[in-house]
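Engineer: Could you put together the complete structure from these sequences and hints?
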Amino acid sequence: MSDSSPNALVKSKTFRRIKHFFVQIGDLSYFAGRFFKEVFSPPFEFRELLRQCYQMGVLSLFLVGLTGFIIGLVLTLQSRPTLIEFGAVSWMPNMVGISIVREIGPVITALICAGRIASGIGAELGSMRVTEQIDAMEVSGTNPFKYLVVTRILATTLMLPLLVVFGDLIALYGSALVENIKGNVSFQLYFNTVFDALNWGDLIPATIKSFFFGFVIGLVGCFKGYYSTKGTAGVGIAANTAVVMASLFLFIVDFIAVFVTDIFYEL
Amino acid sequence: MAKTTLENLKLGIFVILGTSLLLTAAYLIGNRQNMFGGTFNISAVFKNANGLQNGNNVRFSGINVGTVNKIEMLNDTTILVYMSITENMKGHIKKDAVAMIGSDGLVGSMLINIVPGAGVTPLIEEGDELESVSKIATQDMISTLNVTNENAALLTADLLKVTQSLTKGKGSLGRLLNDTVMASDLQQTIANFKYASHSANKTLSELNGMVSTINFKESTAGVLLADTISARKMRQTIDNLEKSSSELEQMSKELNSVINGLNGKNSFVQYVSKDTTLVFQLERTMQNIEQGTARFNENMEALKHNFLTRGYFRKLEKKEKKNTN
Amino acid sequence: MNSKHMEKTGIVATKETQNLESKTNGKAVIRIKDVCKSFGDNKVLNGFNMELYEGENVVVMGKSGSGKSVMIKCLVGLLAPDSGYIEVMGKEISTLDRQTLDELRSDIGFLFQGSALYDSMTVRENLEFPMRRHKEKLGYVSDTTSLVLEALENVGLAHTMDLMPTELSGGMKRRIALARTLILKPKIILYDEPTSGLDPITAKEIIELMRSIQNKYGTSSIIITHDVDCARVISERMILLVDGINYAEGTYAQLSVSKDPKVDAFFKK
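Chains as they are written, first to last, in my numbering: chain A, 2 to 268; chain B, 526 to 850; chain C, 115 to 383.
Worth flagging that the hints you see were computed from the coordinates, not collected in a lab. Computed from a prediction, not measured in an experiment: that's the story for all the values here. Treat each hint with caution, since some may be false.
Unchecked claim - Below 25 Å or equal to it, Euclidean Cα-Cα: the simulated BS3-like pairs (lysine-lysine) are: (1) C/Lys318 - C/Lys205; (2) C/Lys330 - A/Lys20; (3) C/Lys147 - C/Lys301; (4) B/Lys528 - A/Lys147; (5) B/Lys572 - B/Lys535; (6) C/Lys330 - C/Lys299.
Structural biologist: Laid out in structure tokens, this is it:
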């Protein structure tokens, strides 16, 4: 240590950070593995699952709907001038429909849910860990991993695709509203054009992708909360890092999903 | 407990609504691509698919009735396109309907238009092959125009060169023009041709006038026709015709000899034959002659059939028969 | 009584327990032998030994961070010791599978430091929670209301049944947590700092409650605390946890007059 220059210190710090990163990834993988092991083995916490589904699905609907509506509105308003310049304003439903169903709908919904749900889970499980509620559960004969983690991850995985469906629909409605007011396109014509433009190759990968998004949100939120360190500060950190990590992972998953979909299109 | 029930009720509504929306969307999308309900398959052969893809729409009289199923390359100029058409269109499309590839607007995707045929034919059945019309795509048109343009540019450049060398007395034609003997010969020949064709034309127009007057007279007052005068005139005309035709024969013989000479191995003539302008002129002349001859023949035929001259020609025939006998 | 007998080595302490064993004439329900546990470089337990006999209250005292909580968490399998042997009611904890461990845990009540009531559930749901997986133990009653009421009446809070934990004061939470601990009628109760964060009067109430529960159900308990008053009232035997080992053992009276500076430090006001 005596001969260690600042350079060596930085090196060791960087080294520790890199090590920490890999340890995190490893722990997360182990956590995911434990989820898959426990999700299929009884007992099943069905009532808690329903409660979590309600919490994450129904109670996120307003937020997701509002965001979707605004996105649809803004996307249409922003693209109008350009499309008018090209004389292609009648292609608006096709463009907006495909971009929302394929990409914007799932990603925006997932990001909103990462903000709402991942942080919520992180904070909730974090505080439960800190106040020994998780230990109390363990002691009282309930597997807290099953009761808290499995139900939450399952709930996000199942609810997110549904939220995406609602989000997509509301976003398209917002877009149709603009076209209806500004461009005299009837709702029927708008949605006819949208459904004409879409095919199963747009809808199905987006839906599958949404399941993965939901899984990532639940997994990261639970992971950060479940292994939150002692103290109330740890709860805040857990909530914060859960959002950051979940958002980051969402984009990575999105990239992989697009990549895989692309390969399937090529085939 | 009541709270939980309400929560579960809301959750149930949420899940059922979401799932049914998703399924409805999937159904609507699938329905538009005829994934549900009865379809039948027909096909058409095209020379050029023009960027047609699987899944493109098929329209019958402007209504979307199906999609393109499969595009198969049979050989380099034959592309077999399979289409699946909704079952309820079976009662409308007939066997003589024509398929053509078009596009949905200027920048739209490609589609197949099926246009009803004019005739009364039986209705289409599964597996039928439709007639197809290949419309020239905009791109093809543009590329053809391009080629034409390029050729025109080349031609003008060549022409410029030729005229330049001509004025400077260079090149084959220049030499040819300088060769006074040959030039006068050629001039003579061409003049002869001109004369021949001119006289032939003149004769023919005269004859035409004759025939028309005859027709006119026949139609108005055929009985009033002065037979003797007409007959004499007729004979004279025909004599003229004979004369001109013999002249024509002579001309063409002369021409033949010239052309033979051209085809021959004489060095400068070979040059000439390669000279496009001259050959073109020659061709024009030949065409004029041919036209003249053809018209002449036509007139002759007309004469033969005319009731006034029929007797004369019959006599001629008899004479000929006697002679041959 | 006689402080001269008090020694600070483990060997003497074992003698002491043997004496006590003969005195209480019970069998050991918990045995801990040479348990070591460290977190990173921090050695928390370094060869800790103790035994708990049927029907007795043992207070384990130690400074904050001395490993008291770690020790009782090892007892219920929340933490696994690095080495050593832990036996609860004749079963070695580390060898048990999940199901047997859960069965065993239903016989051990655990009162957590901060009450650890589930924030998202009502008091009633909190009390019902331990019964979810131990229905057989309670004879498969379909209506748990009477059991919940009984447990709440034991701690004098029957009226709070449909409140949320956030609506309760610290003392009430602690009593409800105690009620939750008792609902499965455990044979051993482990108290982790039962009086921490409470005012002296409430703390006294809690201690009284603990005593009455012990009288009523005849449970054996380990009480972890750094509150000397609490220890004085409730303990039949005390163990001082210093430097990761059972530094000294004896009754409150024996230890409170000890000349050993490390022992004496606990009793100084």
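Engineer: Does each hint fit the structure? Answer for all of them.
Structural biologist: Now the hints, each set against the structure:
In summary, the hint linking C/Lys318 to C/Lys205 is not supported, as the alpha carbons are separated by about 34 Å, beyond the 25 Å threshold. In summary, the hint linking C/Lys330 to A/Lys20 is not supported, as the alpha carbons are separated by about 55 Å, beyond the 25 Å threshold. With a C-alpha separation of about 21 Å, the suggested pair C/Lys147 and C/Lys301 falls inside the 25 Å cut-off, and the hint holds. For the suggested pair B/Lys528 and A/Lys147, the alpha carbons sit about 24 Å apart, so the restraint of at most 25 Å is met.
Restraint check: the Cα-Cα separation between B/Lys572 and B/Lys535 comes to about 59 Å, which exceeds 25 Å; the hinted pair is violated. For the proposed pair C/Lys330 and C/Lys299, the alpha carbon gap of about 11 Å is at most 25 Å, so the pair holds.
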